[in-house]
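1 is the number of the first residue of the sequence shown in my numbering; add one for each residue after it.
Among these hints, one or two may not hold up.
Derived DSS-like pairs (lysine-lysine); straight-line CA-CA distance at most 30 angstroms [stated by the list, open to error]:
#1 K116 / K251
#2 K837 / K888
#3 K254 / K341
#4 K263 / K341
#5 K341 / K251
#6 K263 / K251
#7 K116 / K254
#8 K263 / K116
For the record, the hints were derived by calculation from the structure and aren't laboratory data.
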Amino acid sequence: MADECCPGGDCAPRVDRRDFVRLVGLGLTGAAAPVAAASATPDVTGDTNQVAANVAAAAANMERLLDDPSWPSLRVYDRDHLARIALPLGGIGTGTVSLGGRGDLRDWEVMNRPGKGFVPTMAGAAPFLALFTQRGSEPSVCRLLEGPVSADQYEGSHGAPGPNLNLPRFRQATFATAYPFGRVVLADPDVPLEVHLKAFNPLVPTDADASSLPLVSIVVELRNTAATPVTAAVCATLPNFIGVDGSQTSKDWKGDRQAIGAKGNVNVLRDGDGLHGVFLSSTGVDPLHEAFGTIALATTATTGISRRTSWVAPRWGVPLLDFWDDFSADGRLDARPSDPKVQTPVASLAVTLEVPAGATGEVSLLLAWHFPNRYTWTPANTPPSGDDRIGNHYTTRYADAWDVLARETSRLDALRTRTATFVTSVCRSDLPAVVKEAALFNVSTLRTQTCFRTPDGTLFGWEGIAASQGCCHGSCTHVWNYEQATAFLFGDLAWSMREVEFGHAIDEQGMMSFRVHLPLARGKAFGKAAADGQMGCVMKVYRDWQLSGREADLRRLWPAIRRAMEFCWIPGGWDADRDGVMEGCQHNTMDVEYYGPNPQMGLWYLGALRAAEEMARYLGDTAFAATCRDLYTRGRTWIDTHLFNGEYYQHEVRPPSSADAVAPSLLVGMGAADVTRPEFQLADGCLVDQLVGQFMARVCDLGSLVDPAHARTTLQSILRYNLRADMHGHFNNMRVFAMADDAALLMASYPKGRPENPFPYFTEVMTGFEYAAAVGMLYEGLEAEGLRCIGMIRARYDGLHRNPFDEAECGHHYARAMASWAAILAITGFHYSAVTKTFSIGGRLGRYPWSTGRASGEMTVARQGQNERELNLTLTVHEGSIVIEWLKVEGRGVMPLRRQPLATGDRIQISMSDLP
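Using the sequences provided together with the hints, build the complete structure.
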């Protein structure tokens, strides 16, 4: 009998090609989107049964890509969503090379500066991987290991403008990823193998050094699904571009800019330590130049290896022709004599293998680099020299690039397993899909040129990076306040930033320079304080002390922390009248000065007072704790009474009587020309992150800073007034981070009247601020609304329009976007105090990751027992160690555990009975 929903019994889906692409190629489906087949685009024409089969095949292929525990994937992008993908591969503070969505290697940023769009091209050769195949007596087939190029690459003044576009390539490509794992699946009916190009760099929570390796591991997986064996070879080609970082150029014969800087570069064969490869160095580049260093290209293969240290001398396309003729003949490389006149010799490394019928073969390739000469972002000399050279932590660990591979290759499999364990704990969890993606993908910022580590291991960060230089120096406090990934994944790195803030950037009065100069002997030279930056640092040191239990360090830094709070009360200061409300000149993350009480600075201040109170009380400074509590209580009451307008908190503008009434270190000068008639104020606007202090207080488990009902109403008002379902009718007088069909939260709206010149960014959209609002919604019980906002952000970074691993603001890979990690904390209700040894959760059922910066793992929360009144927690430690003496479940009490420390591999089960 036919189903009533389908007269005639025909229940196959009626989907045309356009709908198929929309539903399967573009739509969010579980944890993966866009979803795509790895081979040719599924045929959705013909009868409905065939359509259903093709849809099922695409879904099955997606499952195949996602179901690989050794190389996990969270999201799959089809060939129409690859153009902007660039997955950064490299360690924390080492620089990166990015894996492009189609399989290309782009954005070579290994030489101590950004290089967006920089691909070293020498003598017609840019870095590439190529494949040779031959099945039986059939003609051999050679292809670049890349998929189709995007439409914008088709036209230039002298033909297609991008690197390697002249080489034959695969017809189909799919990109599957869960940071830091990338997998490009390549297929072509003319090629007898399906290729999976897989790349990663270790990322192990709590182990900063294991996560700071200057290398890329590439595995080329060759899948033979036919009944005939295939002879194959994989070749990696890399020009020796030492001295060339993309920042120095000269014009070629047609006026186009070409990167320069190489001099006397040399390639030599190198064998040993289980490796065979080519070592790239230079005898002519200045040893103190920031682009001076070494590169290594190697394989772990033991047979079938052939290499070149150079291509033939450049002559009208001859080098590439000679290479292609040689490699395509038999998959092996014949040596070519070097030419001393060639400054950038090209290295090639090939591995030949047999892939049996129905089997899979692999070629492992490794790329490493070593560039020791990092210079300060605030040089005292032109050009930078002497103590302007600050160096890199990673280069102190290795002699050169080959040493990196010699020492690290043997443990890469173990590091990959540890990385996969962490990534899988996120991917297979019961977190909402958009939270997984937002949290995990933004961790990539830690490994870009946004961040670096000085030789002592201290972490520093730009706000973001421009195409060839950092953008906004100094580990800017009012930007880095928002990010949460560092503290919860790499606690020691986070603490190193606290040491800089309270040990080197703060003066005897308590003024903290919100941009630190380097070397640290110049740390206080900037000489200006930001209200939100300084208050946020107080909250961060509290957070990091709680996570770590560093009592001795807290006691050592406490005088500086206390001075940072007392600085609020200086004459002409932020709260000179000591009433718990900031009224003074408040430079802030909007790059202007606010005058008068406002929610953004006001709640940072309230949060800092609460954090300082808790630290002071613990350390026995009871009088100061009482002072902070009194100011907090009065300030909270005043803000709730006077700034909340029934819908949201607004800014009461109070101009100073004159510039002389403002403490000199507070006036940065980026705002109003006349402080008595200040422009660029928030005023009556509804600001997207007006509750950012509340967001941070929730992360720190400091409770609600203002009336919770007011906070909830405010967040609902932000949704009502600031959310745009699309941007077609939105006027924006500044930078464009959302446009056309993009949905977003505006920085501010003015439903109650707008000043003539509000703060400059009010019409913009910036993800870090959106995350602060969205996570605030999660914390305040507006889960569906918060998830919608996070989903809007990630929908904009879809691979077609923007890079999923690069949420920009004032530069690429902007630090503020790492606020997204807090969404995991909000969803799970997770807190940990190493001070009280208390592990706290919200009691949400399911499987979730947890991390403290010194330990990480998974937890599963389930009900069991009669009438499911018993709560069962299974806690697994994947990395580090943790002591838990108390388990706290929100709304259900605290349970003593008194257990021994838990270390890597430990698992415990805990039951709490008599649940409501």
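Hints, one by one, checked against the model:
1. Note on K116 and K251: the hinted pairing holds, with a Cα-Cα distance of about 19 angstroms set against a maximum of 30 angstroms.
2. Distance check on the hinted pair: K837 and K888 sit about 11 angstroms apart at the alpha-carbon level, within 30 angstroms; holds.
3. For the given pair, K254 sits about 23 angstroms from K341 by alpha-carbon distance, which is consistent with the 30 angstroms threshold.
4. Only pairs whose Cα atoms come within 30 angstroms are accepted, and K263 paired with K341 is accepted, the gap being roughly 10 angstroms.
5. Pair hint K341 plus K251 holds up; C-alpha atoms about 20 angstroms apart against a cutoff of 30 angstroms.
6. Restraint check: the Cα-Cα separation between K263 and K251 comes to about 18 angstroms, which is no more than 30 angstroms; the hinted pair holds.
7. For a cut-off of 30 angstroms, the pair hint linking K116 to K254 stands: about 23 angstroms separates their Cα positions.
8. Pair hint K263 plus K116 holds up; C-alpha atoms about 23 angstroms apart against a cutoff of 30 angstroms.
In summary, this structure violates none of the numbered hints.
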